[in-house]
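Visitor: Sequence:
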Amino acid sequence: MIRTHDAGSLRIADAGSEVVLTGWVSRRRDHGGVVFVDLRDGSGLVQVVFREGPAAEGAKELRSEWCVKLTGEVRERPAGNTNPDLATGEIEVVVSALEVLSESETPPFPIHGSDDIDSGVDEVTRWRYRYLDLRRTGPAHAIRTRARIASVIRRVMERHGFLDIETPYLTRSTPEGARDFLVPVRLQPGHWYALPQSPQLFKQLLMVSGLERYYQIARCFRDEDFRADRTPEFTQLDIEMSFLDEEDVFALTEELFVELWREILGVELPTPFPRLTYAESMRRYGSDKPDLRFELELVDLTAHMAGTEFRVFQAEHVGAVVVPGGADYTRKDLDGWQEWAKSRGAKGIAWLLVPAEAGAELRGSITKLEPDRLASLSAAAGAKPGDAILFAAGPRRTTLELLGALRNAVARQRGLVREGEWQFLWVVEAPMFEPVSSDNPSVTDAGGPGWTAVHHPFTAPTAEWEQTFHTDPEHALARAYDVVGNGMELGGGSIRIHRREMQQRVFDVIGLSREEAESKFGFLLEAFTFGPPPHGGIAFGLDRLAATLAGTDAIREVMAFPKASSGGDPLTGAPTPITDRQRSEAGIDVRPDG
RNA sequence: GGUCCCGUGGAGCAGCGUGGAGUGCUCGCCGCCCUGUCAAGGCGGAGGUCGCGGGUUCAAAUCCCGUCGGGACCGCCA
Numbered sequence: 016m017i018r019t020h021d022a023g024s025l026r027i028a029d030a031g032s033e034v035v036l037t038g039w040v041s042r043r044r045d046h047g048g049v050v051f052v053d054l055r056d057g058s059g060l061v062q063v064v065f066r067e068g069p070a071a072e073g074a075k076e077l078r079s080e081w082c083v084k085l086t087g088e089v090r091e092r093p094a095g096n097t098n099p100d101l102a103t104g105e106i107e108v109v110v111s112a113l114e115v116l117s118e119s120e121t122p123p124f125p126i127h128g129s130d131d132i133d134s135g136v137d138e139v140t141r142w143r144y145r146y147l148d149l150r151r152t153g154p155a156h157a158i159r160t161r162a163r164i165a166s167v168i169r170r171v172m173e174r175h176g177f178l179d180i181e182t183p184y185l186t187r188s189t190p191e192g193a194r195d196f197l198v199p200v201r202l203q204p205g206h207w208y209a210l211p212q213s214p215q216l217f218k219q220l221l222m223v224s225g226l227e228r229y230y231q232i233a234r235c236f237r238d239e240d241f242r243a244d245r246t247p248e249f250t251q252l253d254i255e256m257s258f259l260d261e262e263d264v265f266a267l268t269e270e271l272f273v274e275l276w277r278e279i280l281g282v283e284l285p286t287p288f289p290r291l292t293y294a295e296s297m298r299r300y301g302s303d304k305p306d307l308r309f310e311l312e313l314v315d316l317t318a319h320m321a322g323t324e325f326r327v328f329q330a331e332h333v334g335a336v337v338v339p340g341g342a343d344y345t346r347k348d349l350d351g352w353q354e355w356a357k358s359r360g361a362k363g364i365a366w367l368l369v370p371a372e373a374g375a376e377l378r379g380s381i382t383k384l385e386p387d388r389l390a391s392l393s394a395a396a397g398a399k400p401g402d403a404i405l406f407a408a409g410p411r412r413t414t415l416e417l418l419g420a421l422r423n424a425v426a427r428q429r430g431l432v433r434e435g436e437w438q439f440l441w442v443v444e445a446p447m448f449e450p451v452s453s454d455n456p457s458v459t460d461a462g463g464p465g466w467t468a469v470h471h472p473f474t475a476p477t478a479e480w481e482q483t484f485h486t487d488p489e490h491a492l493a494r495a496y497d498v499v500g501n502g503m504e505l506g507g508g509s510i511r512i513h514r515r516e517m518q519q520r521v522f523d524v525i526g527l528s529r530e531e532a533e534s535k536f537g538f539l540l541e542a543f544t545f546g547p548p549p550h551g552g553i554a555f556g557l558d559r560l561a562a563t564l565a566g567t568d569a570i571r572e573v574m575a576f577p578k579a580s581s582g583g584d585p586l587t588g589a590p591t592p593i594t595d596r597q598r599s600e601a602g603i604d605v606r607p608d609g
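Basically my numbering = 1-based index in the first sequence + 15.
Hints may contain errors.
[To be verified] Calculated pairs, DSS-like style, for lysine-lysine (alpha carbon to alpha carbon, straight line, at most 25 Å):
| hint | residue 1 | residue 2 |
| --- | --- | --- |
| 1 | K347 | K362 |
| 2 | K347 | K399 |
| 3 | K357 | K347 |
| 4 | K347 | K383 |
| 5 | K383 | K362 |
It is worth saying that the hints were derived from the structure and are not from the lab.
All chains should be modelled from the sequences, with the hints used to inform the complete structure.
Guide: This is the structure in structure tokens:
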């Protein structure tokens, strides 16, 4: 190394040492006879002082973000001049020699003094100059945190004998539901690779291989629209094991999470994580990833409304969220909820304000309800004087989902979320199938009527449904599980089917013909003819996990070079048009015969 | 595919409703002064296609239409 010390590591004990430092000029404070420079390197900041001689002359020329090397003596700062805000604030380095390693243009946004990720600078500008953005301590910390997370993961996985095995990026479509990214193949014009949406099929093959314990920090690709927490390439911690049951997955996951939260945040997570069935989670929270940092459980009023003449409540499901103290809602607030519901495609939300004073009249949009039903409604909903009740009615599933979203929105709005708390749980026994609909197309090319796999078609049914899932697909339950933290789905997986007969019944339910199954993943089915072990696994969204542990909402903050929401890379300018020659060589316009 | 928001010197904003000279603020940048600052300070200065195109108007940063870029949400995404 061309330096002897890290700038941020110097302490009072180093006083008197001669040091050589390298780094960037963070700030320069020129007082004429004395010049102070904050020198920054990967370890932190230290103040260096120039007084006289050639070094001091050179210091006059220094500008922000110049890269320099300097030699000097560490000294205790004069009395009264220490800086308690700096780790190195008790000392400074008096410079005897200065070498400019490289000069810098004026940076497009301030680098110094921005320990927070959010400095107010436009994101696109930050991504465009991400290499400068990462000189800032806040963004750099997020990336460093991610690296520590990967390190903890590898330690835990290796402790349990898992093998880190790479799987192909140039492959064929896997059975997930998203659109594939496609790569043309020069040597076979008109033929295309798909980039993997996950290593799903390969990890199952590795179980057939008898490797028994696989993990990979794998890049995955899905060509879908963006969200704040979604980007076209992302990273999964992918895990698969043989001869296991759910408890093994739960135990491993909990150990991993405990270790991550302890090491990164210094938080001790209690285990085991509570478990909820999917059905119970939907019933109580209207979500398959409930946030348990607040209560506000949904109320089921379907029975209370049975036989009502009131049109809006003549529905498969009538439910409500009771807003504590919500009687202070203004008409504008309530109209706001209407708009909110409509923006989610719902018909609307009915409301009732329960007056705080005894005997006062109920106010609301449903006061024309039958009087006895109305009178007993507050009690049936569990509302107290001063509360508001927000109702939704309609088909059971969509109504519960609307109420679940409402529950989250109300909790945020009313400040009911206990920030700083960590609430993990397992959501288990999801349905195996869901009805095919226009916005939920079948995996079959024919797109025939019927059912599609909720998780993926290799997910095993629960013990109770092993013999009967194909006769009642609507109610069949899967050995699938999601781990949820603070309302975020952090990971999910399942126990797989390893028996050919059972697999065929699943294909029959989802209307996948033998020919189609053969052409899509015949290689997996063939592998399963050679004594496949019982196996299963789980995958975690590493970006979401890292963002959570780094204390940011945006997964882009834990990616070194994130993409903009159009899918473009503001730094390199990708994607770009291709030349005619590239187009011709790639063979992308060729239609293969047959 | 849909809804909403943003685009003004290098950065962050205000100005737009009710059209009237590129007006203003904070920071940065350049020059000079300055021996204890750490958001150093003082004085002076430079820097603009108001995203782009069209329209309305005597006159457009401001109003209208379109478009591009960015962001959030719904759909979509196991």
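Visitor: Name the hints, by number, that the structure is in violation of.
Guide: none
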